[in-house]
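Asks: Single-letter residue listing:
Number of protein chains: 2
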Amino acid sequence: MSPKLRRVLQLFARLPGVGEKTAHRYVLHLLTTDPSVAEELGRAVSELHHVFQPCSVCNNLAEVGETPILCDICKDHKRDPSVLCVVAKVSDLLALERPGTLRGRYFVLGGLLSPLEGVGPEALPVPRLVERVRQGGVREVIIATPPSVDGEATALFLRRELGDLGVSITRIASGIPHGGDLEFIDPVTLGRALDGRKVI
Amino acid sequence: MSPKLRRVLQLFARLPGVGEKTAHRYVLHLLTTDPSVAEELGRAVSELHHVFQPCSVCNNLAEVGETPILCDICKDHKRDPSVLCVVAKVSDLLALERPGTLRGRYFVLGGLLSPLEGVGPEALPVPRLVERVRQGGVREVIIATPPSVDGEATALFLRRELGDLGVSITRIASGIPHGGDLEFIDPVTLGRALDGRKVI
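Protein sequences appear in the order of chains A and B.
Quick note on my numbering: the first sequence kicks off at 21 and runs consecutively.
Quick note on my numbering: the second sequence kicks off at 21 and runs consecutively.
Bear in mind the hints are in silico, worked out from the structure with no lab data behind them.
One should not assume that every hint holds.
A pair holds if it fits inside one copy or across any two, identical chains being indistinguishable in the list.
As the list claims (entries may be wrong) - Mimicking DSS-like on lysine-lysine, the simulated pairs with C-alpha atoms at most 30 angstroms apart in a straight line are:
1. K24 <-> K95
2. K109 <-> K41
3. K98 <-> K41
4. K98 <-> K24
5. K218 <-> K24
6. K98 <-> K109
7. K109 <-> K24
8. K95 <-> K218
9. K41 <-> K218
Based on the sequences and whatever the hints tell you, model everything.
Replies: So, in structure tokens, the structure goes:
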């Protein structure tokens with residue numbers, strides 16, 4: 021195989037979930053469609069880091085333009101500034117936007133505390149989060165880190181850091197997913213579903 | 021969502037099997053890894069059509085360089101020129117190379133006859149294939165189009181076109197795949213497995 025082909029396959033295979041076969045499919049597809057598609061995709065990919073940067077307020081994806089760099093959510097005056105939802109990563113923010121019910125604002129941590137992997141509090145922009153809450157205007161902080169070991173550790177740490185600021189601190193519910201069959205749900209999730217039961 | 025982000029997502033979603041969510045994952049991954057990865061991938065993708073062209077002999081993927089443009093298989097003098105395997109597309113050629121048993125050469129049609137979709141013989145480079153066989157040196161033509169309606173129609177057409185040239189024309193076997201359970205195999209395949217039975 022030519023070194024150039026091997027290289028482009030390796031580059032595609034760095035994308036999440038892409039192996040050698042999928043990389044081959046992508047390259048063959050691009051080579052058998054109009055050259056303008058490969059050219060435009062290539063240009064867009066190589067410019068990604070110049071066009072998008074973290075939002076200076078919340079770390080969400082934002083298009084570079086005016087200074088300070090603000091994402092569409094931080095720019096939107098109709099979003100409720102009193103509800104602040106803390107997430108681990110931008111894709112979690114996008115997932116939470118899908119139901120369309122949360123009209124507050126966000127803060128993207130860019131990671132989680134991980135005692136096992138040696139990721140400590142200094143790796144996360146917690147001082148910026150604390151400063152934002154301290155400035156006022158926030159009534160509730162929803163901690164929407166995932167219900168995993170690292171996500172729970174991060175949630176506990178954030179509750180401690182934000183505990184003295186006089187805001188309500190909430191945690192998203194963990195339990196049986198919609199349509200889930202109890203028979204096939206793991207015991208930790210079932211335990212959480214029981215612990216989190218509500219009067220109906 | 022910003023128009024530029026929407027555009028790059030649309031471009032990724034043109035790749036086979038990529039939808040909006042996967043496109044999002046790719047973009048977020050590229051934005052959260054070293055900028056050099058996105059830059060190099062982008063450059064490689066935009067240059068694809070300049071770097072790779074169809075082989076002037078067999079239509080396989082070939083790196084542009086010397087003239088005439090030849091793929092690695094056509095350049096390889098150790099490959100047997102007396103066995104010519106005809107495939108529909110480059111990915112089929114790559115699949116047939118995997119077992120490593122076929123040491124012959126190839127001819128990529130770039131498509132199949134499709135009476136239902138109005139694709140006639142004039143859409144395929146059959147005259148070039150006939151000319152190549154007519155020039156001599158080919159002992160066997162293996163028709164490796166898929167065992168679908170269009171693949172069979174193409175195989176029958178090729179057999180007729182190549183029939184008078186004094187070469188052996190063979191067709192790859194259709195039957196139950198390795199590890200396949202007879203209970204779950206469709207009746208057409210089972211019929212073919214019976215028709216293609218061999219004395220053991």
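Asks: Would you mind marking each hint as holding or not holding in the structure?
Replies: How the hints compare with the structure:
| no. | hint | result |
| --- | --- | --- |
| 1 | K24 <-> K95 | between (43 angstroms within a copy, 17 angstroms between copies) |
| 2 | K109 <-> K41 | both (29 angstroms within a copy, 15 angstroms between copies) |
| 3 | K98 <-> K41 | between (46 angstroms within a copy, 26 angstroms between copies) |
| 4 | K98 <-> K24 | between (50 angstroms within a copy, 23 angstroms between copies) |
| 5 | K218 <-> K24 | neither (60 angstroms within a copy, 44 angstroms between copies) |
| 6 | K98 <-> K109 | within (23 angstroms within a copy, 53 angstroms between copies) |
| 7 | K109 <-> K24 | between (34 angstroms within a copy, 21 angstroms between copies) |
| 8 | K95 <-> K218 | neither (37 angstroms within a copy, 72 angstroms between copies) |
| 9 | K41 <-> K218 | neither (48 angstroms within a copy, 33 angstroms between copies) |
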